[in-house]
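Student: Spelled out, the chains give:
Number of protein chains: 2
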Amino acid sequence: MYPKTIQKLIEIFSKFPTVGQRTATRFVFYLIKRDRKEIEELSKAILDLKEKIKFCKNCFKPFEGEGEICEICRDKTRDKSLLCIVEKETDLEAIEKTKKYKGIYFILGGPVSAIKKEELKKLRIKELEERLKDREVKEIIIATNPTTEGEAIALYLERKLKNSGKKITRLGRGLPTGGELEYADEETLGAAFESRK
Amino acid sequence: MYPKTIQKLIEIFSKFPTVGQRTATRFVFYLIKRDRKEIEELSKAILDLKEKIKFCKNCFKPFEGEGEICEICRDKTRDKSLLCIVEKETDLEAIEKTKKYKGIYFILGGPVSAIKKEELKKLRIKELEERLKDREVKEIIIATNPTTEGEAIALYLERKLKNSGKKITRLGRGLPTGGELEYADEETLGAAFESRK
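Those protein sequences? They're chains D and S, same order as listed.
Sequential numbering from 117 applies to the first sequence in our numbering.
Sequential numbering from 117 applies to the second sequence in our numbering.
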């Protein structure tokens, strides 16, 4: 048996996503070999998550600094008539990296297994409906993932929002850039034909 | 770009073994969703590693509590004439779980890539030689892993210790229990023939 302190930390790490007992143990022995400065840095960085990170009242993006609104929602150059709904923070960051989108966002709080109906309740549907009372928003871009779960969420949203009086769009489907035709799955290739222009 | 606090933590996590940028990001967003109590618990558990864990002066096993010697080395019922050399703490724990071994240990501090000679210097060779001055030790069991690196370390140790005046043994090789003959690799099957009894 490992000492209690080590056991405890293995237990916590093994709850991390993708991490099992074995990897959690490796993490602890990796940390045991770090020097005091690194350990204190990590310990503090974790505490800082709770102390410094806030969630934007408008879009639920995590942010640091003054006020209740994140830097994107506050940015006067962004198009407030376009609202892009994403499942999670990392999806938002992926879109931001393209530098192609100048609207604002709403983080729904996924991914959830949308096959189970009660899981949909974990999404910020009420908050979204509240957000959509904003008349400035003209178009809603549903940017959930092109997965079974994402599709189910998208369909659910489309149904839910069809009477919102806003234009509702979805991200285009087709071949990924750099992908090769012969390796594309049927769904993707089919979608590429449909979205041809 | 994520807020600084998040970036910082992603950076630290992505140095963990087996963890890349992507998994590190997942870790951070997993933590962001935990409540304050859990976060403080994790932060403290990490600090405790430095504050509570000591390394045994005899065998370098991490331990908690009084004194400079771990509970195994202190245990009067263990056979101090048998010294088992392992690469790392997790190997020691694996052996302890078998409940078959009643001797003591020495943690060499691996794994290292023994193909590079300078890596061997990271092992506790000097400390081992010091430890072996103990006349109580009669037999040295080299229990490095049956991998290329472990084998190289074992050969290095055998050469280094051959004039120590102690009996030197290695762990037996053969079929793993529960394994099937048709799936065993040639090396293992060959070793199983050699070690037949």
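It is worth saying that the hints were derived from the structure and are not from the lab.
Some clues are possibly wrong.
You can't tell identical chains apart in this list, so a pair holds if it fits in one copy or across any two.
In silico EDC-like cross-links for lysine to aspartate or glutamate, where the CA-CA straight-line distance does not exceed 20 Å [what the hints assert, rightly or not]:
id : residue 1 : residue 2
1  : K168      : E127
2  : K149      : E167
3  : K238      : E303
4  : K238      : D151
5  : K173      : E209
6  : K192      : E274
7  : K131      : E180
8  : K131      : E154
9  : K149      : E235
10 : K283      : D191
11 : K153      : D164
12 : K278      : E156
13 : K166      : E255
14 : K120      : E184
15 : K216      : E298
16 : K149      : E180
17 : K213      : E127
18 : K216      : E154
19 : K278      : E302
20 : K166      : E156
21 : K204      : D151
22 : K242      : E252
23 : K168      : D151
24 : K168      : E156
25 : K131      : E303
26 : K170      : E154
27 : K120      : E157
28 : K204      : E243
29 : K149      : E127
30 : K149      : D164
Predicted, not measured: the structure shown is a model, and the values here were computed from it.
Student: With reference to the structure, classify each hint as holding or not holding.
Tutor: Each hint tested on the structure:
no.	hint	result
1	K168 - E127	between (26 Å within a copy, 17 Å between copies)
2	K149 - E167	between (28 Å within a copy, 13 Å between copies)
3	K238 - E303	neither (29 Å within a copy, 53 Å between copies)
4	K238 - D151	between (40 Å within a copy, 16 Å between copies)
5	K173 - E209	within (18 Å within a copy, 49 Å between copies)
6	K192 - E274	neither (29 Å within a copy, 71 Å between copies)
7	K131 - E180	neither (26 Å within a copy, 24 Å between copies)
8	K131 - E154	between (22 Å within a copy, 11 Å between copies)
9	K149 - E235	between (41 Å within a copy, 16 Å between copies)
10	K283 - D191	neither (23 Å within a copy, 74 Å between copies)
11	K153 - D164	both (16 Å within a copy, 13 Å between copies)
12	K278 - E156	neither (51 Å within a copy, 44 Å between copies)
13	K166 - E255	neither (34 Å within a copy, 53 Å between copies)
14	K120 - E184	between (41 Å within a copy, 17 Å between copies)
15	K216 - E298	neither (28 Å within a copy, 56 Å between copies)
16	K149 - E180	between (32 Å within a copy, 16 Å between copies)
17	K213 - E127	between (35 Å within a copy, 18 Å between copies)
18	K216 - E154	neither (38 Å within a copy, 38 Å between copies)
19	K278 - E302	neither (29 Å within a copy, 65 Å between copies)
20	K166 - E156	both (16 Å within a copy, 9 Å between copies)
21	K204 - D151	between (34 Å within a copy, 18 Å between copies)
22	K242 - E252	within (19 Å within a copy, 73 Å between copies)
23	K168 - D151	between (25 Å within a copy, 14 Å between copies)
24	K168 - E156	both (17 Å within a copy, 14 Å between copies)
25	K131 - E303	neither (34 Å within a copy, 37 Å between copies)
26	K170 - E154	between (25 Å within a copy, 17 Å between copies)
27	K120 - E157	between (22 Å within a copy, 14 Å between copies)
28	K204 - E243	within (15 Å within a copy, 51 Å between copies)
29	K149 - E127	both (19 Å within a copy, 18 Å between copies)
30	K149 - D164	between (23 Å within a copy, 13 Å between copies)
In summary, the structure is inconsistent with hints 3, 6, 7, 10, 12, 13, 15, 18, 19, 25 from the numbered list given earlier, while agreeing with the others.
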